[in-house]
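Residue numbers (our numbering), protein chains in the order written: chain H, 1 to 364; chain C, 1 to 75.
Think of the hints as simulated: they come from the structure by calculation, not from any bench. The C-beta atom is built at its ideal place from N, Cα and C for all residues, glycine as well. The reader is advised that the hints may include incorrect statements.
Here are the simulated distance ranges between beta carbons [stated by the list, open to error]:
#1 C:Glu35 with H:Glu290: 48 to 58 Å
#2 H:Glu254 with C:Glu20: 21 to 31 Å
#3 C:Val38 with H:Glu290: 29 to 39 Å
#4 C:Glu35 with H:Val123: 19 to 29 Å
#5 H:Lys261 with C:Glu57: 49 to 59 Å
#6 H:Lys333 with C:Gln55: 17 to 27 Å
According to the in silico footprint, chain H covers these stretches of chain C (three or more CB under 8 Å from chain H) [unchecked claim]:
#7 46–57
#8 66–72
Letter by letter, the chains look like this.
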Amino acid sequence: MKFITEFRRSELAGGLISQIHRRSKTSVRFMEFCGGHTVTIFRYGLRQVLPQTIEMVSGPGCPVCVTANADLDKAIALSRLPDVIITTFGDMLKVPASHSSLQKVKADGADVRVVYSTTDALVIAERNPTKSVIFLGIGFETTAPTIAASILQAKARRIKNYYILSVHKLCPPVIRALLDSGEVKLHGLICPGHVSAIIGSHPWEFIARDYNIPCVVSGFEPLDILQCVDMLVAQVENGESKVEIAYRRGVRPEGNREALKLIEQVFEPCPAEWRGIGEVPDSGLRLRKEYQTLAAEFAFDIEPEPAYEPGGCICGDILRGVKTPTDCKLFGKACTPEYPVGPCMVSSEGSCSAYYLYGGDFGG
Amino acid sequence: MCLAIPALIKSIEDKEAEVEIGGITRRISLWLTPEAKVGDYVLVHTGYAINILNQEEAEETLRLFAEITKAEEEV
């Protein structure tokens, strides 16, 4: 068992696809919240094998895409301070902020370094004691505990020059905001697998209970997605709405208690600004008071330029699931993965990037 | 961005492990899965194991897929 290739076997996909076709009678719209799921769906052509009754829409589950320009502008402003090293995941480099990007400020001489893990950022901090090392903390519940762990490691190793710009976001509150807006009508939700590996399946229960929307937690291989769609179809056809886990090898109902404990110890919920969606209460994470000296916003005096959104870009509408990338005038013309205008084209799991790379008939 | 990849734990030292990912060896942190043992497969996200994969559940899921496939062939 390697936990990968077994879940890509085409002969098993045929059985699941056949069962979905046989069971699906009602016209439905399912949202895959997570950008990782969007990529699997496009890479394996899963939209094309589903029956006409099932419409799939992509959700806002891409941390790079939903980061507001105002937050990116803070990172840019921090990078321009003397004796500062910005560390970040690679995806963030090309994302256009209001007036620049981390890639551009790096080209202009700022010390911006791509790391694979916060453990790498800690090593950079240890090796550069006269500099301040700021980690751009972007990500959902999956990533937040790794940032929390890095803060505790910095403390244990007496690293005094390590800071966090926390732009973390929480998934359940934004789904509530999307559903409350009434803009997009859903009959099923594919819940994010690795967010759920941390938080478990219980935090999704309000969606099934209060909005009568079936929820299934899915893994990221093609058979995982097909199984998840099949389970959603079964709930719809049986008139049920409950939370189920399809990704049972990776997700427990209670989540990862150790990781949740670390998040709770280091962070507290706060309002957060989501691109295209606006401010959502309790959907962000900020450092608790006892760790606030490590918060880059408090430790450094910065005045970011006023935030600005590029004209014509409809990333916000795409993130809310009300428009698709091919509705955008810039898509594939002024906006490509090489020269992205909006973040959904930058991130490898952004909807625009998935449409562009794998879209085929969708116009890519 | 929430990408996590299955990796096999080869050895453990304190809160760090050496894992094999598709033939490549690298060090990861076990801060989030202190109960992980040598021989476990873990989901690795940005250098941290975020969960231990459950082999029995994986086999059960694959058995279910095989049953569905067999049943659909007979329909």
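Hints, one by one, checked against the model:
1. C:Glu35 with H:Glu290: 48 to 58 Å: With Cβ atoms ~27 Å apart, the hint is violated.
2. H:Glu254 with C:Glu20: 21 to 31 Å: For C:Glu20 against H:Glu254, whose Cβ atoms are near 28 Å apart, the range 21 to 31 Å holds.
3. C:Val38 with H:Glu290: 29 to 39 Å: holds, 36 Å
4. C:Glu35 with H:Val123: 19 to 29 Å: holds, 26 Å
5. H:Lys261 with C:Glu57: 49 to 59 Å: violated, 24 Å
6. H:Lys333 with C:Gln55: 17 to 27 Å: violated, 48 Å
7. 46–57: holds (count 9)
8. 66–72: Satisfied; 6 residues make the cut.
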